[in-house]
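Heads up: the protein sequence lines correspond to chains W and G, in order. Per our numbering, residue 137 is the first one in the first sequence, and the count goes up by one each step. Per our numbering, residue 14 is the first one in the second sequence, and the count goes up by one each step.
You may find that some hints are simply not true.
[Said to hold, decoys possible] Straight line, CA to CA, 25 Å or less: simulated PhoX-like cross-link-like pairs of lysine-lysine: (1) W:K226 <-> G:K60; (2) G:K94 <-> G:K145; (3) G:K137 <-> W:K226; (4) W:K357 <-> G:K60; (5) W:K226 <-> G:K101.
[What the hints assert, rightly or not] Covered, in the sense of this in silico footprint (three residues per stretch, anywhere, with C-beta under 8 Å from a C-beta of chain W), are these stretches of chain G: (6) 61-73; (7) 123-137.
[Claimed, not checked] Non-contacting residues of chain W with respect to chain G, defined by C-beta distances greater than 12 Å in every case (computed): (8) V258; (9) Y328; (10) L351; (11) K377; (12) F389.
It should be emphasised that the hints constitute simulated quantities derived from the structure, not laboratory data. Beta carbons are placed, not taken as given, at the ideal position from N, Cα and C, and that holds for glycine.
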Amino acid sequence: MEIWSILEPLAKVLLYVLSFLAVGTGLFILHFRSLLSQPTFAYCRNLVSKSSFTGSIVAPLQILITAGNIGGDLRSVFDPLMINIALTSKAGQADLVLFSGFLIVFLWISFFQRRNFPLGVVGFILILLSFSVYGHSTINGLSSQLLIVLHLGAISFWVGSFLPLRYSTLGKVKEENLFQIAHRFGVYAVYYIGVLLISGLTLGAILVGGIDQLLNSDYGKAFLLKIAFVTTLLGIGAINKFRLVPQLKNNNFPYVIKLRRSINIEISILFIILVISSLLTTSIELPLK
Amino acid sequence: MFRRTIAVFTLVVFPIMAIAHSPLQKANPANGAVLETPPTEYKMLFKSPAKLIKFEIFQKGNNDNKKSSLLKNLFKNSDRKLIEINYKPLLVLSESHSIKLPNINVGSYEVHWRAMGEDGHVLKGILTFEVKGK
Numbered sequence: 137m138e139i140w141s142i143l144e145p146l147a148k149v150l151l152y153v154l155s156f157l158a159v160g161t162g163l164f165i166l167h168f169r170s171l172l173s174q175p176t177f178a179y180c181r182n183l184v185s186k187s188s189f190t191g192s193i194v195a196p197l198q199i200l201i202t203a204g205n206i207g208g209d210l211r212s213v214f215d216p217l218m219i220n221i222a223l224t225s226k227a228g229q230a231d232l233v234l235f236s237g238f239l240i241v242f243l244w245i246s247f248f249q250r251r252n253f254p255l256g257v258v259g260f261i262l263i264l265l266s267f268s269v270y271g272h273s274t275i276n277g278l279s280s281q282l283l284i285v286l287h288l289g290a291i292s293f294w295v296g297s298f299l300p301l302r303y304s305t306l307g308k309v310k311e312e313n314l315f316q317i318a319h320r321f322g323v324y325a326v327y328y329i330g331v332l333l334i335s336g337l338t339l340g341a342i343l344v345g346g347i348d349q350l351l352n353s354d355y356g357k358a359f360l361l362k363i364a365f366v367t368t369l370l371g372i373g374a375i376n377k378f379r380l381v382p383q384l385k386n387n388n389f390p391y392v393i394k395l396r397r398s399i400n401i402e403i404s405i406l407f408i409i410l411v412i413s414s415l416l417t418t419s420i421e422l423p424l425k
Numbered sequence: 014m015f016r017r018t019i020a021v022f023t024l025v026v027f028p029i030m031a032i033a034h035s036p037l038q039k040a041n042p043a044n045g046a047v048l049e050t051p052p053t054e055y056k057m058l059f060k061s062p063a064k065l066i067k068f069e070i071f072q073k074g075n076n077d078n079k080k081s082s083l084l085k086n087l088f089k090n091s092d093r094k095l096i097e098i099n100y101k102p103l104l105v106l107s108e109s110h111s112i113k114l115p116n117i118n119v120g121s122y123e124v125h126w127r128a129m130g131e132d133g134h135v136l137k138g139i140l141t142f143e144v145k146g147k
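Next comes chain G alone, as it looks inside the complex (with noise of 0.2 Å):
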């Protein structure tokens, strides 16, 4: 009875836990902005401090990799492009960060962030915004 119980239960409670709270305060572009000229810089606001690990851009709907197979489109999302920008982990324990920007077009764009808190737990989430030019 108890192995019933406890399959169940782990059934409905571990997709549960994936849902977090946004640790974020405020982002700079915000979140679904829309702008006119291109941000330079990305600025992030956590609630308290931590370390941003990973920082990663990626611009919507324009990937130049035209092979793509089956394959391919399971394991990552062929409709976006990542952009380069040299990202080297912020190590620093605080509640600001900013990011520098290459020069990007018009376009759509998906932030995808991780970062580590004071306490430990891993802190994650995606940003979108969309520079639509004058």
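So here's chain W without its partners, still in its complex pose (with noise of 0.2 Å):
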């Protein structure tokens, strides 16, 4: 096997990772700024700065691992003509767009003031559009490029959102309002998840085509497996907003640690989604329709 089968598929899962943090939790400051104690608000500011700081490293990265993939040996990674082929094509594109999105981000953040949220916006919108450049969400047009951007939006939330209550959760940073944080959350996840689920089953049932090609396709069965985790991490979602979340309103200190061990779980879960969504992009081809 080649090193770039593994640093290829590697970059873009640390990529949709470092996406989700600058985004979701850049979104999660914008949601929630006015309830978080200092402590939270420095964390989540520390989230978003690493992640579009580092973001803005691997980006490029992976338009050079993308020359030593052309080439096929390390050689090819320092060839300006595998570079320009990289970079002029839609995957080199689409880095550059990744990359001018984690920089607008990280100046967002490291000169934060609540009125130049628009520029931060602006940085969210160049990193999810990113993802619409290249790849199969080019395959129906605008259409599926659109679906694209706001299921990654609605993703990004979620995910960015884990580390902050993760975080909240913790006894030596003693949030006060963690319930209206935690119950805030998962109000405004109701209508993340619904745009999250209303685009994904309908890229799903453009890109697999039906019935058929989902049971019998390995990119079907692949997204079958996607679909069942995405739904055990709902289910485990409804439990804390339903049981976990009321119990946090009497400041109940053995339901605060349940709902860190049921982050921590949600997080593993995502993780698996991420390689699964990976998987799916870059290495198993659509059924044939």
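Each chain sits in its own coordinate frame; assemble them with the hints.
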């Protein structure tokens, strides 16, 4: 097996995670700024800053990995011809859009003020748009590209909220507004998950084609596996919303610990979903229609 | 707990990710073909337009470099010889590409190719053929 077969999807998963953290935790800040304690706000800001900074380094590195993969040897990573081919490909253009998005989010969070939020939103949109420039999402033109941007935007909010929520449950933080934050997260999540499911299932239907392809193709089977993990995640989210979060109202510490454990499990499942998504976009062919 | 899950899943899934379907519809000489006369060109037909970036042809079991060492054997297959064809990357997106071959002798050959699809994905593969002579 070639090193590129590991490096390329690995970089893709890493860029997914960094994008979701930069956009999602950024959205979390915009939604919850007034409720966050100073330590939690500092944690969120640090998370967005580190993920956008790292992203602005990994995105150009991905162009070099693509150059290496095109040429098939280490020399190609530094070969101007291979770099040029990588840069002028749709994948390279997507990387440049992603890089500029990370850079803008990094600038926004470094000089954060409530009134300069449009700058952050521009960065978020660029990051999300970069995933619609090439690959399967372009197969049905603008409609599928819009669906992928909405889908990833909704996932980002979900993913990017987990770490700040988990941080808020740590004993040392003493988040006074934990109940309000968790409760309001549950309310926003209903809308975001609605967008996530509608856009994801519509996109899936466009890409898979039909029940027969869903059940009999590799792509369809991987898609079903992804849906199984997403359903599990939704089930855990529902338990949190209806059973754990109401108990936080009275500062019931054992339930705070239960919520933290539950978020840990959710993060593990999310990672598995991200890897399956990376597989679906890089290594598994769409079924023939 | 989630660190363990991530580690196990990564170890299991990434090798699977390397398994991809062939993006080639047809090659001439076909993969595994046994020919009486040496081909003068190699034709590749892709399922969708692609740029053929790299094309290398090796003759198997014919390495003039007799000074083999453990280190050399580790880093390259010493049991084959690269045939000089002075290949320039074909940067035009097309479903079919033809490559002129030099005069080749009787023997087994391996074609290593790499291409870039219209959507930016890197495509690659190894094909073989044999020239047996009449």
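A quick look at each hint next to the structure:
| no. | hint | in the structure |
| --- | --- | --- |
| 1 | W:K226 <-> G:K60 | 18 Å, holds |
| 2 | G:K94 <-> G:K145 | 18 Å, holds |
| 3 | G:K137 <-> W:K226 | 18 Å, holds |
| 4 | W:K357 <-> G:K60 | 23 Å, holds |
| 5 | W:K226 <-> G:K101 | 22 Å, holds |
| 6 | 61-73 | holds (count 3) |
| 7 | 123-137 | holds (count 9) |
| 8 | V258 | 24 Å, holds |
| 9 | Y328 | 22 Å, holds |
| 10 | L351 | 18 Å, holds |
| 11 | K377 | 21 Å, holds |
| 12 | F389 | 21 Å, holds |
Of the numbered hints stated above, none is contradicted by the structure.
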